[in-house]
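Visitor: Start from the sequences and build out the full structure, keeping to the hints where you can.
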Amino acid sequence: MRSVRLALVLAIAAIPAAAEDIGDAARGAEVFTRHCKVCHQIGEGAVNRVGPHLDGVFGRKAGSVSDFNYSKSMSRMGADGLIWTLETLDAYIENPKALVTGTRMNFSGIPAAEDRAALMAFLRDWSDRPQDIPESEPTARKTDPDLSPEILAIAGDPDYGEYLASECQTCHQADGSDQGIPSITGWPTEDFVIAMHAYKQKLRPHPVMQMMAGRLNEEEIAALAAFFATGNQ
Amino acid sequence: MLNRRIFLGTGIAASALLTAPTVWGQAKPKVVVIGGGAGGATAARYLAKDSEGAVEVTLVEANPIYTTCFFSNLYLGGFRDFESLQHGYDKLAGGGVTVINDMATAVDRAARTVTLAGGTVLPYDRLILSPGIDFKDGSVPGWSADAHAEIMPHAYKAGPQTQLLKKMVEEMPQGGTFAMIAPPNPYRCPPGPYERISMIAHVLKEKNPTAKILVLDPKDKYSKQALFEEGWQKHYGSMVEWIGPDFGGNAVEVRPDTMEVVIDGEVTKVDCCNVIPGQMAGKIAALAGVTDDSGWAPVDPASMKSKMDENIWVLGDSSAQGDMPKSGFSANSQAKVAAMTIRAELTGSKAFPAKYSNTCWSLIAPEDGVKVGASYEPTPEKIASVESFISEVGEDAALRKATYEESLGWYAGITADMFG
Numbered sequence: 000m001r002s003v004r005l006a007l008v009l010a011i012a013a014i015p016a017a018a019e020d021i022g023d024a025a026r027g028a029e030v031f032t033r034h035c036k037v038c039h040q041i042g043e044g045a046v047n048r049v050g051p052h053l054d055g056v057f058g059r060k061a062g063s064v065s066d067f068n069y070s071k072s073m074s075r076m077g078a079d080g081l082i083w084t085l086e087t088l089d090a091y092i093e094n095p096k097a098l099v100t101g102t103r104m105n106f107s108g109i110p111a112a113e114d115r116a117a118l119m120a121f122l123r124d125w126s127d128r129p130q131d132i133p134e135s136e137p138t139a140r141k142t143d144p145d146l147s148p149e150i151l152a153i154a155g156d157p158d159y160g161e162y163l164a165s166e167c168q169t170c171h172q173a174d175g176s177d178q179g180i181p182s183i184t185g186w187p188t189e190d191f192v193i194a195m196h197a198y199k200q201k202l203r204p205h206p207v208m209q210m211m212a213g214r215l216n217e218e219e220i221a222a223l224a225a226f227f228a229t230g231n232q
Numbered sequence: 000m001l002n003r004r005i006f007l008g009t010g011i012a013a014s015a016l017l018t019a020p021t022v023w024g025q026a027k028p029k030v031v032v033i034g035g036g037a038g039g040a041t042a043a044r045y046l047a048k049d050s051e052g053a054v055e056v057t058l059v060e061a062n063p064i065y066t067t068c069f070f071s072n073l074y075l076g077g078f079r080d081f082e083s084l085q086h087g088y089d090k091l092a093g094g095g096v097t098v099i100n101d102m103a104t105a106v107d108r109a110a111r112t113v114t115l116a117g118g119t120v121l122p123y124d125r126l127i128l129s130p131g132i133d134f135k136d137g138s139v140p141g142w143s144a145d146a147h148a149e150i151m152p153h154a155y156k157a158g159p160q161t162q163l164l165k166k167m168v169e170e171m172p173q174g175g176t177f178a179m180i181a182p183p184n185p186y187r188c189p190p191g192p193y194e195r196i197s198m199i200a201h202v203l204k205e206k207n208p209t210a211k212i213l214v215l216d217p218k219d220k221y222s223k224q225a226l227f228e229e230g231w232q233k234h235y236g237s238m239v240e241w242i243g244p245d246f247g248g249n250a251v252e253v254r255p256d257t258m259e260v261v262i263d264g265e266v267t268k269v270d271c272c273n274v275i276p277g278q279m280a281g282k283i284a285a286l287a288g289v290t291d292d293s294g295w296a297p298v299d300p301a302s303m304k305s306k307m308d309e310n311i312w313v314l315g316d317s318s319a320q321g322d323m324p325k326s327g328f329s330a331n332s333q334a335k336v337a338a339m340t341i342r343a344e345l346t347g348s349k350a351f352p353a354k355y356s357n358t359c360w361s362l363i364a365p366e367d368g369v370k371v372g373a374s375y376e377p378t379p380e381k382i383a384s385v386e387s388f389i390s391e392v393g394e395d396a397a398l399r400k401a402t403y404e405e406s407l408g409w410y411a412g413i414t415a416d417m418f419g
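Heads up: the sequence lines are chains A and B, in that order.
First residue of the first sequence: 0, per numbering that gives the first Met the number 0; consecutive thereafter.
First residue of the second sequence: 0, per numbering that gives the first Met the number 0; consecutive thereafter.
If you are wondering where the hints come from, they were derived from the structure by calculation, not from laboratory data.
Glycine included, every Cβ here is placed at the ideal spot set by N, Cα and C.
A portion of the hints provided could be inaccurate.
For each label pair, taking beta carbons as the anchor points, the in silico distance ranges come out as [to be verified]:
#: 1; chain 1: B; residue 1: Met102; chain 2: A; residue 2: Leu146; range: 50 to 58 Å
#: 2; chain 1: A; residue 1: Ala111; chain 2: B; residue 2: Pro352; range: 57 to 65 Å
#: 3; chain 1: A; residue 1: Arg103; chain 2: B; residue 2: Glu366; range: 18 to 26 Å
#: 4; chain 1: B; residue 1: Asp80; chain 2: A; residue 2: Ser70; range: 25 to 33 Å
Guide: Structural data, given as structure tokens:
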């Protein structure tokens, strides 16, 4: 069965926009067992456990498995339009709280890009078979959401960050309270930088944030991160 | 003209009084801010906070309690109580701003002083004018703010007018007619009149479902039009009728004494009428001589500094800056640029390139929120829009609900940013 499916994938790989080999699914199964299986089920008959089941995860709106009690943050991301694709899921698995700040998924992330690619190849096996999972999106493709170490290493100017931050604080309250717009005060620098670049590259879905991040250059994002990391204004 | 002369006269009389108290401070540079709304309060707060005592900041605002115009439509719709729109200045005062509850009546640009109605004369090194809007008399034939606002309220400066309009809507007879005279461009809060229509339709749908709403509009298009039209149709059926200039919306006269509206010569009896007249910069901007023929105050796009006077900044609704809408969000955004550039001039602190932004949320029905926004940058000619977005028609209920909840977060955020 499996070899038949693989052959099919190879056959359609020549057609543009068809599914491509994104990683080693067999290795991904091991990654899944090591990191995910304790909370998530996948495959025929999978049900929600500590985390939601992962059948058909690609193309699914974040926070949309019925009967699963998501965090407010995850539900909000779904309502804002976050769809799980290779790009967004990759960003999430790399650093869950950088993409969905208040997620209940108590997992620090998988730093190795190859492991994530393998895991997603495995997850896609369960999103790739229409007879099992009708809402599949097998043509989801990976773009390039990774940030170079140079970008992450930029030391921001906190004075500039303080001025730029005044724009954020029209909505995000300086004291860290959340009355409908999440707190960004006291965020770790790297998470902040990754999140802002995810908006800039339109991986994170929110239109206001995409616009705000879209016109910030790398130094400005670093400056903001340096300022907000101090946790006080 | 009459008003202008009276105001000037008062100013001269007050400054001529030898007994008029004059406030002279020490050697610290002085900034006087006139108007304690989204522009003025924010600028005062940021100046005091960021200069850490190096600049003496005085805020002049007539009302000891400020009522935000933004979200006042939600009060009309029953989604917020009136008190939730009200904010005091105690935290600003605690943060190093001297708050004076008085009305500025004159600016002497040569002497660099501001005279208050109570007689106080405040010297300044830099002056920030953020006085909001005033109404153009004669813009709606038959109506003037002084004579008719109690019969046909404008409710476009939040406060007792907003409460009066809410009461009038609630007291409309069953099956009665509500009319809004919508304003010509440019005016405060572009989606505001149409969000207001949505909120009044919501109230009438519950309490007075056979009532009619007429919107008489001199403009052929308006902010978020497709979103409002879709929402009105969806939530309120045929209750709302919008009459644009093609059908007489630009040829309207009101008769407050008989509660009539004349549309292109045709008389219609109404039960409640909201007149939102044409607008111009708050009076003190004209008195200071920083407005032009348009009635607004032109400013330098990179700093919000007046083009008429290098020691005066004009923020928010009163300013003529380019592409930004007249909104609380815009004023708050401009205030931060102003505070930064003034501080750099007075204390030598670092000046950074100006960035501006705006987002306006509107509520169409319970949990049906939409938004429009843009980012802006200064060009030599104007503040120019760089990128923009708007909610789309046909969005699902979850997204609209999230947008509404986000607007509540924004209100909490911006009021904390303004008042501390």
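Visitor: Now tell me, hint by hint, if it's right for this structure.
Guide: Here is what the structure says about each hint:
Checked against the given bound of 50 to 58 Å, the beta carbons of B:Met102 and A:Leu146, roughly 54 Å apart, stay inside it. In this structure, A:Ala111 and B:Pro352 break the distance hint of 57 to 65 Å, their C-beta atoms being roughly 39 Å apart. Between A:Arg103 and B:Glu366 the CB atoms are about 24 Å apart, so this pair conforms to the stated range of 18 to 26 Å. Here the CB-CB span from B:Asp80 to A:Ser70 is close to 30 Å, well matched to the stated 25 to 33 Å.
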